[in-house]
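Given the sequences, and given the hints that come with them, work out the whole structure.
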Amino acid sequence: MNKKLILVLAGLGIALGAPITASATPQDDLKQFQAYYKKRFPTVPLEAYKDGVNVLPQYADQVENWRLLMEFPPYDEEVDKAEKLWNTPFANGKTYASCFKNGAKGLAVGYPFYDTKSKQVRTVVGDINECRVRNGEKPIKNLKYGDMARLAIAFKMRSNGKKMAVKIDSPGAIAAYEKGKQFYWARRGQLNFSCAGCHVQNAGNTVRGNVLGAGLGHGVGFPVYRTKWALKGKPLGTLHRRYGGCNKQVRAKPLKPQSDAYKNLELYEAYMNTGIPIEVPSQRM
Amino acid sequence: MATKIKARKKGNATEILVLVQHPMETGNRKDKKTKKLIPANFIQTMIFSVNGKTVADASLGIGVSKNPLVGIRVKNAKSGDKINVSWKDNMGKTGSAKTTVK
Amino acid sequence: MKRRTFLKGTVATSALAVAAGAGLLRSGQALAAGWPTAAFAATDLAAASKAVFGSKGAVSKDIKIKAPLQAENGAVVPIKISTALPDVKSIAIFVAKNPRPLATKVDFSGGAEGFYTTRVKMGKTSDVFAYVNSGGKILKNSAMIKVTVGGCGG
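Chains as they are written, first to last, in the numbering used here: chain B, 1 to 285; chain H, 286 to 387; chain F, 388 to 541.
Source of the hints: derived by calculation from the structure; they are not laboratory data. The reader is advised that the hints may include incorrect statements.
Only pairs whose alpha carbons sit at most 30 Å apart, straight line, appear in this in silico DSS-like list of lysine-lysine [stated by the list, open to error]: (1) Lys383/H with Lys289/H; (2) Lys232/B with Lys484/F; (3) Lys81/B with Lys141/B; (4) Lys437/F with Lys363/H; (5) Lys228/B with Lys315/H; (6) Lys253/B with Lys318/H; (7) Lys228/B with Lys373/H; (8) Lys378/H with Lys232/B; (9) Lys484/F with Lys453/F; (10) Lys524/F with Lys289/H; (11) Lys294/H with Lys527/F; (12) Lys338/H with Lys383/H; (13) Lys84/B with Lys383/H; (14) Lys31/B with Lys162/B; (15) Lys367/H with Lys453/F; (16) Lys453/F with Lys294/H; (17) Lys81/B with Lys162/B; (18) Lys451/F with Lys338/H; (19) Lys476/F with Lys524/F; (20) Lys232/B with Lys289/H; (21) Lys360/H with Lys476/F; (22) Lys228/B with Lys467/F; (23) Lys234/B with Lys533/F; (24) Lys387/H with Lys363/H; (25) Lys232/B with Lys295/H; (26) Lys84/B with Lys294/H; (27) Lys144/B with Lys320/H; (28) Lys527/F with Lys232/B; (29) Lys81/B with Lys387/H; (30) Lys295/H with Lys453/F; (31) Lys451/F with Lys511/F; (32) Lys367/H with Lys476/F.
Distance windows between CB atoms, simulated [said to hold, decoys possible]: (33) Ala175/B with Thr319/H: 48 to 56 Å; (34) Thr535/F with Arg251/B: 56 to 64 Å; (35) Asp260/B with Thr535/F: 35 to 43 Å; (36) Gly161/B with Asn297/H: 27 to 35 Å; (37) Gly522/F with Gly161/B: 43 to 51 Å; (38) Ile332/H with Gly93/B: 38 to 46 Å; (39) Lys443/F with Leu255/B: 51 to 59 Å; (40) Lys119/B with Thr535/F: 16 to 24 Å.
Don't be surprised by glycine CBs; every beta carbon is placed ideally from N, CA and C.
Right, here's the structure in full:
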């Protein structure tokens, strides 16, 4: 465990008024993480974090943007396309639903997860491509937006309203989780920010004109429809598209979507979201 | 360009919302690659009708956002009333959508 | 010069000339019949509201404007106008500081309520005006919407 990470963790310990040890279990981490936000934003219930920055009191002047847009969600068209793709059979006549238990209904609450058989973290995006390959199709190359984002919406939509319940229940899972946690708390890039620096310690604060969203809830609404991306013709984004964008912003090298580092990070964040209901897609600026 | 319509009860009125996938280009933007002005391409008129009778005639300009949403409310709409919306842009393209009041 | 005079948007100005000056016409494009060219081409609120309603209008608190206090993205700012004023014949939305303030207007022909909602582009922080023709009376209200450009947002 590197020195920087220890210092950052110690910082959180001071913020919480309790010591955090580097050897805490995922369950201990989860308790402390969610308790921190409960203290920082006492009026915001756990389930509300699915709506991201919109639920923070500091966003009151801007929340009407989201409320009014949601009266006729801009992503309506994309959801139709997502369903169409999901229901279009492969050349062999099978559909995506056939790859997953119950046609993927309720499955997303357990994603991502560490697969002890293949010894790797499995994500929705990865499993969609796995499904394609198993049925004689080529994997989708673009893992940031477009058809893969639509398919991920179709998959996760089938768990809308259900609470996140990712399992960290094997040594391999714990190891992957710890790597994700380390990534989250480590500083990176020329601007030397960590994910936690903005989304834990400065959640709700305004930095460079933007209110920072809470780390709690991150990813629950992904894939996301962003106004900013829609204006450029690529409205949807997978979680790893956003991770890359965020890394770029602190002038760190963006990693490839579905790289191990991002999958581990996704695992850590998904576990921290335990108890938050999925609602996909989400609309953000 | 896809046109979607939603009609739902809002108190005693029926709210009709229309969402069109349309670029709403102002004519003032330059293409980053060619450096040429992208021609104005925007919805100019949108007509709402109930059972064939016009209830609203909207005029839109370049100040309306891309993928525009336009909405009105009608009073005394009855279950089964047919709602139609038709639009035309400055290039002459048209689009429409319809729905029935539940 | 001539072009600027056209853009002042007086009622007497040729609509085609105004449209051409405003860059709204390309070869082969026809103007939709009844589209208020001069009003859309007007470059200040006074000229635009005069072109639409012939009046500057009187302030009325009975016109409700629902909009964010601060826009998330100036290109997509949702606005909802509602009023219980009687006999609403038309509603128009103006973004005062836009190069062309008139964003949209709607004429009602019986059956519609005093309600209009859309999403507008805003170049910068500005008052957004809602004008209502209520039985021939021109009334208005406004709301200030802040537009900032954030430095983050990936």
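Structure-based check of all given hints:
| no. | hint | result |
| --- | --- | --- |
| 1 | Lys383/H with Lys289/H | holds (8 Å) |
| 2 | Lys232/B with Lys484/F | holds (24 Å) |
| 3 | Lys81/B with Lys141/B | holds (18 Å) |
| 4 | Lys437/F with Lys363/H | violated (38 Å) |
| 5 | Lys228/B with Lys315/H | holds (18 Å) |
| 6 | Lys253/B with Lys318/H | holds (26 Å) |
| 7 | Lys228/B with Lys373/H | holds (26 Å) |
| 8 | Lys378/H with Lys232/B | holds (22 Å) |
| 9 | Lys484/F with Lys453/F | holds (19 Å) |
| 10 | Lys524/F with Lys289/H | violated (34 Å) |
| 11 | Lys294/H with Lys527/F | holds (27 Å) |
| 12 | Lys338/H with Lys383/H | holds (13 Å) |
| 13 | Lys84/B with Lys383/H | holds (21 Å) |
| 14 | Lys31/B with Lys162/B | holds (20 Å) |
| 15 | Lys367/H with Lys453/F | holds (29 Å) |
| 16 | Lys453/F with Lys294/H | holds (19 Å) |
| 17 | Lys81/B with Lys162/B | holds (23 Å) |
| 18 | Lys451/F with Lys338/H | holds (28 Å) |
| 19 | Lys476/F with Lys524/F | holds (10 Å) |
| 20 | Lys232/B with Lys289/H | holds (21 Å) |
| 21 | Lys360/H with Lys476/F | holds (14 Å) |
| 22 | Lys228/B with Lys467/F | holds (22 Å) |
| 23 | Lys234/B with Lys533/F | holds (26 Å) |
| 24 | Lys387/H with Lys363/H | holds (8 Å) |
| 25 | Lys232/B with Lys295/H | violated (34 Å) |
| 26 | Lys84/B with Lys294/H | holds (29 Å) |
| 27 | Lys144/B with Lys320/H | holds (28 Å) |
| 28 | Lys527/F with Lys232/B | violated (35 Å) |
| 29 | Lys81/B with Lys387/H | holds (25 Å) |
| 30 | Lys295/H with Lys453/F | holds (16 Å) |
| 31 | Lys451/F with Lys511/F | holds (22 Å) |
| 32 | Lys367/H with Lys476/F | holds (22 Å) |
| 33 | Ala175/B with Thr319/H: 48 to 56 Å | holds (51 Å) |
| 34 | Thr535/F with Arg251/B: 56 to 64 Å | violated (22 Å) |
| 35 | Asp260/B with Thr535/F: 35 to 43 Å | holds (38 Å) |
| 36 | Gly161/B with Asn297/H: 27 to 35 Å | holds (31 Å) |
| 37 | Gly522/F with Gly161/B: 43 to 51 Å | holds (47 Å) |
| 38 | Ile332/H with Gly93/B: 38 to 46 Å | holds (45 Å) |
| 39 | Lys443/F with Leu255/B: 51 to 59 Å | holds (58 Å) |
| 40 | Lys119/B with Thr535/F: 16 to 24 Å | violated (47 Å) |
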